[in-house]
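> Which chain is which? The protein sequence lines are A and B, in order. Take the position in the first sequence, starting the count at 1, then add 4; the result is the number in the numbering used here. Take the position in the second sequence, starting the count at 1, then add 4; the result is the number in the numbering used here.
Simulated from the structure, these hints should not be mistaken for laboratory data. Among the clues, some could well be false.
Said to hold, decoys possible - A short, non-exhaustive set of chain A residues, derived as facing chain B with CB atoms under 7 Å: (1) Asp7; (2) Pro11; (3) Gly12; (4) Val52; (5) Ile56; (6) Pro310; (7) Leu334; (8) Ser335; (9) Met343.
Glycine residues also receive a C-beta, built at the ideal position from the N, C-alpha and C atoms.
Number of protein chains: 2
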Amino acid sequence: MTDRLAPGSRIGILGGGQLGRMLALAAAEMGFSTHIYCPEEMSPAAEVAAHITRGAYEDETELAKFAAQVDVITYEFENVPAKTAEFLSTLKPVRPGVAALATAQDRLVEKNFMRANGIATAPYAQIDTLGDLTQALRDIGTPAILKTRRFGYDGKGQTKIDALGDAEKAWQEIGQQPAILEGFVPFAREISVLVARNSNGDLAAYEPGENVHLNHILHTTTVPANIEAPLVATAMAIAEKIAAQLNYVGIMGVEFFHVPGNETTPLVVNEIAPRVHNSGHWTQDACQVSQFEQHIRAICNWPLGPTTRLSDVVMTNLIGDDVDEWDVLLSSPNTSLHMYNKAQARPGRKMGHINQLTPRAL
Amino acid sequence: MTDRLAPGSRIGILGGGQLGRMLALAAAEMGFSTHIYCPEEMSPAAEVAAHITRGAYEDETELAKFAAQVDVITYEFENVPAKTAEFLSTLKPVRPGVAALATAQDRLVEKNFMRANGIATAPYAQIDTLGDLTQALRDIGTPAILKTRRFGYDGKGQTKIDALGDAEKAWQEIGQQPAILEGFVPFAREISVLVARNSNGDLAAYEPGENVHLNHILHTTTVPANIEAPLVATAMAIAEKIAAQLNYVGIMGVEFFHVPGNETTPLVVNEIAPRVHNSGHWTQDACQVSQFEQHIRAICNWPLGPTTRLSDVVMTNLIGDDVDEWDVLLSSPNTSLHMYNKAQARPGRKMGHINQLTPRAL
């Protein structure tokens, strides 16, 4: 109760991308100063922050100076090196904490955590050798997905295996790294829940959005998701359970596969992201408190804000050249444009997003 | 149509206070860079802006350098010196424009403008001498309010006259400046409308909020206002007429007195503010598009956003020591805290505000 961080305090953020930018904007609206730490000279987040440190994530001298100037440290990407997080946490509170980060960074540890807590996942096996892989393919069957345990995002570091004979090719393809084989889940759709927990232990989940990907990159999130009402509550409860069991502090994205035919486990956890998440951008315009404000509230141990959805909403990412359409998109009714002020619209690069609202169907 | 300012452009803002801060945050969310010009070394707005120029408003060398670096210029306070605005407008678009600013800066010009457009105001008279004042008091009657024509805000530069014999004292009190005498309007309440106009001529008004002042400073704005439904539309239409007749570009606050007993003119315009306005802060949490985003849309000639109110709302200013209550306020349900990150909570100083939402009564 008494460790609430007061407005005027300084929030340190590792990472200078669009998520850092939107976190910094939310923090500033609440009266905080922000301090961005990232290696890049120019970054979307640094543009809106009061303080900037340019440094490598392995540079403990710069990291220590940064930590000395802030009151709490958070991050906008889950691939913060474990050593960096551990070092910083000896100096200032790092939220979400080192343990939660370690779980989310390793697909195997994450899956084992889910299993230990009775949460359904795809069938999976630990893969350290080609022998492990061929055995696992026999056990789990095909099709299956081989994924590196670490540093995967937006479809990177993973490959689909359609037949046992493709094992060696797949093993080469992911670079013979410590990996996990996941059985194919015949899902109808992907949904995701953003859940927040503060260090007081309060929990607050937003209702699930339904995600559609293009080229392995999130394309749209639609809320409400096209799932039965009881599953909305189930998804939110599972997300809250994960956050509570991890002693998580901050906001977390939980992705689920929806398997309508599966009576006992119609929702299967795909993965978690220990940060604000692209699939939660709809909250910026459809809720009083966005995922960005909620994350800042959580890491400052403020009471969490309401998660009620005030409108129906479709969030659409603007990837690469999509952004040239900004002028057309703007003319749709009830459309909010969120842009990251990145200089170059490279293919596959997230440049911005729009939220299109319609009155909430009752 | 074609002069829409693209995301990535740079928006120059004169003034470093909380209104500039919230404008800069809204602009950044839409992908703009911001550039604050103000005399202060440290300011709430500069903290969140990508670029800062510290300079006097009369320093044409610095102003010219600033203008050269931005694509459009706006301001957060109406007392921008006319000469500054005129100088800048020879270099870059200044929005709202010089003519609108000149009208809003002079209470007499403003009242004459309203009269010329058939918009009801309090009875008033131009006062240049003590003789003018005594004559006007005979014509208009008492009580009446003597106001300087320029540079009044939050009750400053004005004095109430209860009897003809107090004329000389009042004249001394306001410093014998060019002034206006306004007859007393027996109003039941003050309401205000925020209206936006872009250079394409599109108009969008928010519905009126009801304002309560304490010590001449806005205390709360409650929406919906406690007025009959037809008056909501009337107030919005008057505000739109003013914006259109002024060829206004940006957002404008229009304050009205509500006089329930007056059949022909139940709404009397008190004054206009050529900028985002404290009485529009409720839009941040109760609407998809806030007055700050709307202002940026308008000055960039974007399509204006929806002004639909999604919730009922009470905005409360945190003045001086009120801010010490932040911790308690946060615990109210559906409360958003907006803080300006000012170092010292001096008496009368606006430190932040809260918006408390309740579901919209149908």
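> Could you run down the list of hints and mark each one as holding or not?
Hints and how they fare:
Of the supplied interface hints, the one on aspartate 7 of chain A is violated, with its beta-carbon coming no nearer than about 11 Å to a beta-carbon of chain B, more than 7 Å. Below 7 Å, beta-carbon pairs count as interface contacts, and proline 11 of chain A has one with chain B at about 4 Å; its hint therefore holds. Contact between glycine 12 of chain A and chain B, as hinted, is supported at the beta carbon level, the nearest pair being about 6 Å apart and thus within 7 Å. The interface hint given for valine 52 of chain A holds, since its Cβ lies 5 Å from the closest Cβ of chain B, which is under the 7 Å cut-off.
Taking 7 Å as the C-beta cut-off, the interface hint given for isoleucine 56 of chain A is violated, the closest approach to chain B being about 11 Å. Given hint, proline 310 of chain A at the interface with chain B, holds; its Cβ is 5 Å from that chain's nearest Cβ, closer than 7 Å. With a cut of 7 Å, the hint placing leucine 334 of chain A at the interface with chain B holds, because the nearest CB-to-CB distance is about 5 Å. Of the supplied interface hints, the one on serine 335 of chain A holds, with its beta-carbon coming within about 5 Å of a beta-carbon of chain B, less than 7 Å.
A cut of 7 Å between beta carbons decides the hint on methionine 343 of chain A: the least distance to chain B is about 2 Å, and the hint holds.
Comparing the model with each earlier hint shows violations of hints 1 and 5; every other hint is respected.
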